[in-house]
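Asks: Given the sequences, and given the hints that come with them, work out the whole structure.
For the sequence shown, position 30 matches number 162 in the working numbering, and the numbering has no gaps at all.
I should point out that these hints are in silico values taken from the structure, not numbers from a laboratory.
Backbone N, C-alpha and C fix where the C-beta goes; we use that ideal spot for every residue, glycine too.
Any given hint could be a false lead.
FRET-style restraints, in silico, Cβ to Cβ [said to hold, decoys possible]:
(1) N170 / M133: 45 to 53 Å
(2) A157 / L137: 24 to 32 Å
(3) D162 / V138: 27 to 35 Å
(4) E167 / E147: 29 to 37 Å
(5) R154 / M133: 21 to 29 Å
(6) L137 / N170: 45 to 53 Å
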Amino acid sequence: MKTTLVPHDIYMKHEIEWQALRAAADIQIDLERIEITNSLGSRWEPATRLKPDTASAVARL
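Replies: If you want it as structure tokens, here you go:
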């Protein structure tokens, strides 16, 4: 099996782009859940009322 090496800066740029895509996909899933919850008549709590563990995870994105 042949391995092709890429420069570190290109690898890092690619990794950052993938992380951004994953974060965007996670946000889209969250928005879909919110829309479903709202359509069922339940009340959605704003982001300011997140639990400390959840808030720190959001801040890392």
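Asks: If a hint holds in the structure, say so; if it does not, say that too.
Replies: How the hints compare with the structure:
With their beta carbons about 51 Å apart, N170 and M133 fall inside the hinted range of 45 to 53 Å. Restraint check, A157 to L137: a C-beta distance of roughly 29 Å satisfies the suggested window 24 to 32 Å. With their beta carbons about 33 Å apart, D162 and V138 fall inside the hinted range of 27 to 35 Å. Checked against the hint of 29 to 37 Å, the pair E167 and E147 passes, with Cβ atoms roughly 31 Å apart.
Distance hint check for R154 and M133: the Cβ-Cβ separation is about 27 Å, which falls inside the suggested range of 21 to 29 Å. A beta carbon spacing of about 49 Å between L137 and N170 agrees with the range 45 to 53 Å that was offered as a hint.
In this structure, none of the earlier numbered hints is contradicted; all agree with it.
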